[in-house]
Amino acid sequence: PMNKIKEVLRLKYDCGLSNRSIASCLKLGPSTISELLTRFKQSQLGWPLPESCSDADITQALYHGKKASRDKVMPDFTQYAVELRRKGMTKMLLWQEYHEQYQEQAYAYTQFCEHFTRWFKTQKRSMRQLHVAGDKLFIDYCGPRLQVVNPDTGEVREAEVFVATLGASNYTYVEAFPSQGKSYWLEAHANAFEHFGGVPHLLVPDNLRSAVSKANRYEPRLNDSYQ
Numbered sequence: 616p617m618n619k620i621k622e623v624l625r626l627k628y629d630c631g632l633s634n635r636s637i638a639s640c641l642k643l644g645p646s647t648i649s650e651l652l653t654r655f656k657q658s659q660l661g662w663p664l665p666e667s668c669s670d671a672d673i674t675q676a677l678y679h680g681k682k683a684s685r686d687k688v689m690p691d692f693t694q695y696a697v698e699l700r701r702k703g704m705t706k707m708l709l710w711q712e713y714h715e716q717y718q719e720q721a722y723a724y725t726q727f728c729e730h731f732t733r734w735f736k737t738q739k740r741s742m743r744q745l746h747v748a749g750d751k752l753f754i755d756y757c758g759p760r761l762q763v764v765n766p767d768t769g770e771v772r773e774a775e776v777f778v779a780t781l782g783a784s785n786y787t788y789v790e791a792f793p794s795q796g797k798s799y800w801l802e803a804h805a806n807a808f809e810h811f812g813g814v815p816h817l818l819v820p821d822n823l824r825s826a827v828s829k830a831n832r833y834e835p836r837l838n839d840s841y842q
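Under the working numbering, the residues of the sequence shown are numbered 616 to 842, in order.
Honestly, the hints are just simulated from the structure, not real lab data. Among the clues, some could well be false.
As the list claims (entries may be wrong) - Calculated pairs, DSS-like style, for lysine-lysine (alpha carbon to alpha carbon, straight line, at most 30 Å):
{"no.": "1", "residue 1": "K736", "residue 2": "K642"}
{"no.": "2", "residue 1": "K706", "residue 2": "K687"}
{"no.": "3", "residue 1": "K751", "residue 2": "K736"}
{"no.": "4", "residue 1": "K627", "residue 2": "K656"}
{"no.": "5", "residue 1": "K642", "residue 2": "K619"}
{"no.": "6", "residue 1": "K706", "residue 2": "K736"}
{"no.": "7", "residue 1": "K751", "residue 2": "K706"}
{"no.": "8", "residue 1": "K642", "residue 2": "K627"}
{"no.": "9", "residue 1": "K687", "residue 2": "K642"}
{"no.": "10", "residue 1": "K656", "residue 2": "K642"}
{"no.": "11", "residue 1": "K736", "residue 2": "K797"}
{"no.": "12", "residue 1": "K797", "residue 2": "K751"}
{"no.": "13", "residue 1": "K621", "residue 2": "K656"}
{"no.": "14", "residue 1": "K627", "residue 2": "K706"}
{"no.": "15", "residue 1": "K736", "residue 2": "K687"}
{"no.": "16", "residue 1": "K687", "residue 2": "K619"}
{"no.": "17", "residue 1": "K687", "residue 2": "K656"}
{"no.": "18", "residue 1": "K751", "residue 2": "K687"}
{"no.": "19", "residue 1": "K619", "residue 2": "K656"}
{"no.": "20", "residue 1": "K642", "residue 2": "K621"}
{"no.": "21", "residue 1": "K687", "residue 2": "K621"}
To be verified - Now the in silico label distances, taken between C-beta atoms and shown as ranges:
{"no.": "22", "residue 1": "V747", "residue 2": "G703", "range": "33 to 39 Å"}
{"no.": "23", "residue 1": "C757", "residue 2": "D691", "range": "24 to 30 Å"}
{"no.": "24", "residue 1": "L699", "residue 2": "L817", "range": "27 to 33 Å"}
{"no.": "25", "residue 1": "W662", "residue 2": "R635", "range": "54 to 60 Å"}
{"no.": "26", "residue 1": "M689", "residue 2": "G758", "range": "27 to 33 Å"}
{"no.": "27", "residue 1": "Q762", "residue 2": "S798", "range": "19 to 25 Å"}
{"no.": "28", "residue 1": "Q675", "residue 2": "R733", "range": "46 to 52 Å"}
{"no.": "29", "residue 1": "E729", "residue 2": "Y628", "range": "20 to 26 Å"}
{"no.": "30", "residue 1": "D629", "residue 2": "T732", "range": "28 to 34 Å"}
As the structure is a computational prediction, the values presented were derived from the model and not from experiment. Every residue gets a Cβ at the ideal spot worked out from N, C-alpha and C, and that includes glycine.
Using the sequences and the hints, build the whole thing.
Encoded structure:
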């Protein structure tokens with residue numbers, strides 16, 4: 616967009632348009648507009664431009680200045696995807712950490728999110744699994760404990776939420792229990808089977824203590840009562 620740099624700057628600083636509006640007007644990508652304006656802010660130029668400033672001068676200042684501003688560092692989205700699973704973690708917090716580490720070599724927040732979205736879509740395609748109906752039932756306890764209030768006494772007790780999901784249809788059964796104890800664990804299965812109207816070929820627990828007596832990456836030992 617070398618021949619459109621002045622027009623981008625005019626629309627931004629004289630007309631006050633947003634990056635997305637400028638991109639739409641000039642038929643450029645929003646990330647391109649964001650990068651151009653970031654380079655302009657990091658350059659020695661100011662707006663309005665001096666009358667003697669040619670297109671070549673602007674290009675030189677924006678694209679042949681500090682090398683650090685040209686070479687962006689791609690975030691480690693594999694690690695960030697893991698971090699996002701933590702309670703309270705957001706893309707903004709991850710971007711702030713990334714920006715603090717790489718400074719001028721970091722992408723702007725909007726570009727960071729665009730790259731993350733593209734990366735995530737490729738992961739979803741590569742990780743997609745096909746399940747046969749009635750073959751697998753995925754079982755686990757989800758999230759933090761919930762607080763249950765007795766409407767008569769006001770007593771507050773904590774509850775564990777059991778979740779069972781059929782692999783093929785994603786049809787899900789959910790039930791709350793006082794704890795993850797073995798008796799409740801087995802009762803939850805019986806209730807789920809009754810709800811689904813049958814028993815799947817395979818049960819896939821997520822290495823839960825209630826189901827596994829000894830954890831092992833390759834050959835975990837299941838509780839006798841669970842087998």
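Could you work out which of the previously given hints the structure breaks and list their numbers from low to high?
7, 11, 18, 25, 28
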